[in-house]
Amino acid sequence: MNSKKNEVWEKFKTFLIAFTKGMLLALLWILPWLMRLVAVLLWLAGGALLMDAVHRLYAPFSQEGEVVALQFAVIFLMVAWAGVALRRGGNFFWGSLAVSGIVPTLLIRYALPWFLDWRYGDLVVRILPPALFALGLMYLTFRFRLLRKKGVSHERVCSNEFPD
Amino acid sequence: MNESAQTNSLIDTLLGRDVETDHGGLTLGDVIVLLLDLVLLIYTGWRSYDFLTTSVPQGYEILALVGLWGLDIGAVAWSLVWIFGSASKYQDWVSMFFFVFDLVGVVLTSLTDSLLYGQADGVLSVMLKNVAMLVVPLIVVANVVAGFIYHLTSPQTRERRAKRKAEHEYRVKMMQIRNMERDLAYAEAYLLARQEILDKSAAMAKIKMLQDQIERQTRMALRDLTGIHGLTTPQDIETAGQESLSALQKKIEELKRKLPAEPVPVTASGNGHGPQGGAGGAAADPLGYFPEE
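So the protein lines, in turn, are chains R and L. Everything in the first sequence is counted per this note's numbering, starting at 1 for the first residue and increasing by one. Everything in the second sequence is counted per this note's numbering, starting at 165 for the first residue and increasing by one.
Treat the hints as calculated values from the structure; they're not laboratory data. Treat each hint with caution, since some may be false.
As a list, the in silico DMTMM-like pairs of lysine to aspartate or glutamate whose alpha-carbon atoms are at most 25 Å apart [to be verified]:
(1) R:149 / L:323
(2) L:420 / L:407
(3) R:149 / L:256
Input sequences plus hints: build the corresponding full structure.
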């Protein structure tokens, strides 16, 4: 009876070892994808936290449409970040997603309270969207002017529009 | 062309890579900034509109939309004008200045509007609201003025102005020529009319002289009954002068004494015209209108 028990136990132990090894192997095999999944979840969580922060920051002095526009800007930035990372290549993509989740999370968790306690923090929050808009528009203006000056002028000269 | 090549071509066109420049086409970064700015434009535009609605009467909120053309939409418009439209130095200055000017207005209205929610009584809110109430209408009106300045300084407008100015000068000079021609025509008409009058006057004067001569000869013929005709011919009077006249008067006196009948009174001039009449008439006729017979 004992010998039969021992035999079953040995077989079960062998099975457990094999199963554990198999699981470990499967886990190791699937680990990169798990990490990728974690990176995506972190990216999503970071975006969600940013949207929540935008809502908490801007809702008290904004109408619903304005807050939605800013949240949409956050979504767009997160997607653009992912797009840039994807364009850079696969080696950077997953890490970039993870960073884009971790950094906002840490910033919102630790830096934002300190920032809002700062005397001028509220003013900076209020002025941030129009300032970003102004900076972006200035960048686009100078950039496009540079492109047009070099590109269109060249085409015009080549088309003999300016014979001199 | 396969599907992949078509897609790449479309992306290249959208990103402006088909435009040959020293700086390449649009990059993904440019497109991201562009789209981000579009989203932020919604926020700032909404803020500006919300602020502008507080400065217009109830029921006239449409004016706030009009005011956006001097703030958010104006900034974008001046940016596009500076990129694609301006062609002269002054146009560059106007478009760039008002691009920055409108952006300042956008930041001001956005900040002020956000402060008016929750911190309406704060020192900063009150100060910014007062500033914005003064500056924002100024920005909007200045945009209108800038539009006119931009139009006036465009090369096409300046070309048209120069052409119009030259045409005006040409018209003025041609009007002077026409005036001179008109004056000459009037002067010519005046001179011709005067010449005609003079001709008529000369003819009338000649007729009058002939009439006077006939009248004088008639009277002299009528008075020839006294037998003194021929002694006082005009030739004698002209050539003899005062001495001849005196001699004639003496002869007349002698004849008076010889004649038994009543004397007939005879004057030297005879027909009432003095002896200087003929000489005077000749002197007044230097062009020979009245030839002596």
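Each hint, compared with the structure:
1. Of the pairs offered as hints, the one joining residue 149 of chain R and residue 323 of chain L holds, with about 23 Å between alpha carbons and a cut-off of 25 Å not exceeded.
2. Pair hint residue 420 of chain L plus residue 407 of chain L holds up; C-alpha atoms about 20 Å apart against a cutoff of 25 Å.
3. Straight-line distance between C-alpha atoms of residue 149 of chain R and residue 256 of chain L comes to about 13 Å, which keeps the hinted pair within the 25 Å bound.
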